[in-house]
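Student: Residue numbers (this note's numbering), protein chains in the order written: chain P, 584 to 814; chain R, 584 to 814; chain B, 584 to 814; chain X, 584 to 814.
Misleading hints may appear alongside valid ones.
Pairs count within a copy or across copies, as identical chains cannot be separated in the list.
What the hints assert, rightly or not - With a Cα cut of at most 30 Å, we get these calculated DSSO-like pairs of lysine-lysine:
id	residue 1	residue 2
1	K636	K738
2	K648	K798
3	K803	K648
4	K787	K648
5	K648	K713
6	K636	K803
7	K668	K738
8	K636	K787
9	K793	K713
10	K793	K636
Calculated directly from the structure, the hints in this document are not laboratory data.
Number of protein chains: 4
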Amino acid sequence: MRLTSLREEVLEANLELVRRGLVLYTFGNASGITRDEGLVVIKPSGVPYETMKPVDLVVVDLDGKVVEGSLRPSSDLPTHLILYKAFPGIGGVGHTHSRAATSWAQAQREIPCFGTTHADYFHGPVPVTKPLAPAQIRSDYEANTGRVIVRRFAKLDPFHTPAVLVAGHAPFCWGKTPEEAAHIAVVLEEIAAMASQTLVANPKARPISKYLQQKHFFRKHGGTAYYGQKK
Amino acid sequence: MRLTSLREEVLEANLELVRRGLVLYTFGNASGITRDEGLVVIKPSGVPYETMKPVDLVVVDLDGKVVEGSLRPSSDLPTHLILYKAFPGIGGVGHTHSRAATSWAQAQREIPCFGTTHADYFHGPVPVTKPLAPAQIRSDYEANTGRVIVRRFAKLDPFHTPAVLVAGHAPFCWGKTPEEAAHIAVVLEEIAAMASQTLVANPKARPISKYLQQKHFFRKHGGTAYYGQKK
Amino acid sequence: MRLTSLREEVLEANLELVRRGLVLYTFGNASGITRDEGLVVIKPSGVPYETMKPVDLVVVDLDGKVVEGSLRPSSDLPTHLILYKAFPGIGGVGHTHSRAATSWAQAQREIPCFGTTHADYFHGPVPVTKPLAPAQIRSDYEANTGRVIVRRFAKLDPFHTPAVLVAGHAPFCWGKTPEEAAHIAVVLEEIAAMASQTLVANPKARPISKYLQQKHFFRKHGGTAYYGQKK
Amino acid sequence: MRLTSLREEVLEANLELVRRGLVLYTFGNASGITRDEGLVVIKPSGVPYETMKPVDLVVVDLDGKVVEGSLRPSSDLPTHLILYKAFPGIGGVGHTHSRAATSWAQAQREIPCFGTTHADYFHGPVPVTKPLAPAQIRSDYEANTGRVIVRRFAKLDPFHTPAVLVAGHAPFCWGKTPEEAAHIAVVLEEIAAMASQTLVANPKARPISKYLQQKHFFRKHGGTAYYGQKK
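Kindly produce the complete structure, drawing on both the sequences and the hints.
Tutor: Laid out in structure tokens, this is it:
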């Protein structure tokens, strides 16, 4: 039962990335997890979005063993699995090569918190990982991608910083649900594009104050939030 | 009666921001005021635009007390109220996080009047506020956002300069009606994008002469205007 | 008879500017001329495109006197008239505030011929006028705009250089017909955007050689042209 | 028989370039070859895409002699023919003036391999040719364009580097089929746009390591590929 609805949620998260223009051809993938069973639903590798159905999604366990589905899972699956294991509270992961966010990953620079749009979603800069070392690339590459992310988060709360830029690669995002992971991916793309344009307008632009960063983040997150409708 | 039509005007102004691509998800809000009753109609907080109806808008008095509506008003309401109180002639306020204008706000630089497109709408640069001080952020933040705007306008005519960039945040725009406020927001986004590209083409670009600025502004505004059809 | 079809051609040229995304709200206008009668058909000032019909266009003589139509002509009409008088071979004029071309006008830099896309349409850089002097702005401003263009073309062939950037303002384009003028406006916008991105990729980019510029221009223009289908 | 289906494939490749926004008006062309007969199918010159049918495409032999069709072939045909002769394994060629890739061609800089999106398709930078010398421009220009490309590939494998930037002109792309050539053109445009934005975020950005470049390229190409579905 839970898997049936999760398949739909994961498909919907993948389609949201497409609708928002974050995905060229098949460059991107989203997944979700049922924490009780430890089963992950993920997009198949290299399959066009137009015709994708919930049944095409692949179900794997946390070791990556295919439990349901006849297609190969996304080749980035091992990265997703490492993230699910390291960040117990997350329920969805999204990965894109969206233009602006990928450009910052390629620039190998963290995205500074230049404004409140950023601070509404990220408590601090969007971090960038260390580049993978040759040995980390040679074997078990996709899992090692996950590991450099986790290492970068040694002192970071994944719910305060729900995305990372993998150096020379692209962003990974996450949230409580696949929908939230996709939402973060869309917002990150906007924040990244704004950050570039901020540098065009002022090459010496500085991050906003810690006070303003905190104000905006906690206006939307945690027990003191007052944005949106009461639930 | 007046409130009924104002609800529709305010909804329409909010939708215009969406149609013109200035709004991602729910990042933006527009409001309007009935000057006779001193009642403000504003978008509810964090509600999707697709399904928003006039009845979902919230009516408040100038102290922010909800007079009609069951949803929470936009969290930026206190900023709108300060603007309505300080600028008696305005009838609508719009706030977006549109990409280019927000980038200039994040750059904490005023937008120079680089050309006649700008001068047609703004008599001088688009100003940027001072950053809020820690105490201004800590409590009564949204109202203080309005206050730093008003302080920035000590020597400016809000009808000659119908928008401002809040430092590290985003633009606020206004006009005689909600429609006009939204129109200014759309034009400001275009002007901001052009200003960035102007700097790319010539990092030493200079504003146009005061003569040309005045010519274009007063071609469209005030008693000597001769643009458009006679009314 | 001729006026009837010219009205349709001019409306179509105006709509082409809109369809190609060169026009925000009412920022732009196109016109055409019947050389036999010396009658100019031009867009009315400040009227929305969505509902514009051929009958809404205004017919004026070369002194700007309205011959047909109940609406005011575009406020840029005097610029168009100066161009028709100075460049006898042209049959259409287009004016936009399209983002990239206007940015170069604001940068007050000519667009260098960085590549063959440019050379296919312009034999040399896209020139920029001198800024108007205070006296030229104060009275007869729109006609003086035309005059600074004409002065800039003292040694240029308007068919080899079918557009100009008015300093601090925006481009004017022309061609044998209104359709051609609009086509040039669309291509100029693309060329301007490419030129900016060329500078981002290489701030020291240089124009292509005179040989390559000539090759491409005359591949498409004049008696030696061999691009397209034989006519 | 083969020609009938190739006509459809070539038309489809041309239309893909249009759908993806790589083509303004008629700036671009794609072709395909039947290696058995040595016959090339190519877009006619200067004909609008909206109404183009398979029968409008032109069939020529490898000397450029028209074998079927009443329209003139694209003026870039001689470049295509040189590429088909020099690179025996390719089955399709695509040429566009897409904005970002053309900007790099105009910048006369190779596109560095800044990230894995690039490395998934190109094993190394996207190279730029030498500018053509005056004599190469004066006569046999389009064939000489092909020749400078081929010279640039003296030490490059056209399947590891399926595109080139012609200095001061624009990109040429190729693949095993017309569809693949068009696909490369679309991806190249994205890579070029990302590379520019990478430089905005970090003017000192460096290519990713050779290890990471190889990993990504061979994850998708050759006998060790493991991306996509098994075939």
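Student: Against this structure, judge whether each hint is valid.
Tutor: Checked hints:
{"no.": "1", "hint": "K636 x K738", "result": "neither (39 Å within a copy, 45 Å between copies)"}
{"no.": "2", "hint": "K648 x K798", "result": "between (43 Å within a copy, 23 Å between copies)"}
{"no.": "3", "hint": "K803 x K648", "result": "between (38 Å within a copy, 22 Å between copies)"}
{"no.": "4", "hint": "K787 x K648", "result": "neither (49 Å within a copy, 42 Å between copies)"}
{"no.": "5", "hint": "K648 x K713", "result": "within (29 Å within a copy, 51 Å between copies)"}
{"no.": "6", "hint": "K636 x K803", "result": "between (34 Å within a copy, 24 Å between copies)"}
{"no.": "7", "hint": "K668 x K738", "result": "within (17 Å within a copy, 46 Å between copies)"}
{"no.": "8", "hint": "K636 x K787", "result": "neither (48 Å within a copy, 43 Å between copies)"}
{"no.": "9", "hint": "K793 x K713", "result": "both (25 Å within a copy, 16 Å between copies)"}
{"no.": "10", "hint": "K793 x K636", "result": "neither (45 Å within a copy, 38 Å between copies)"}
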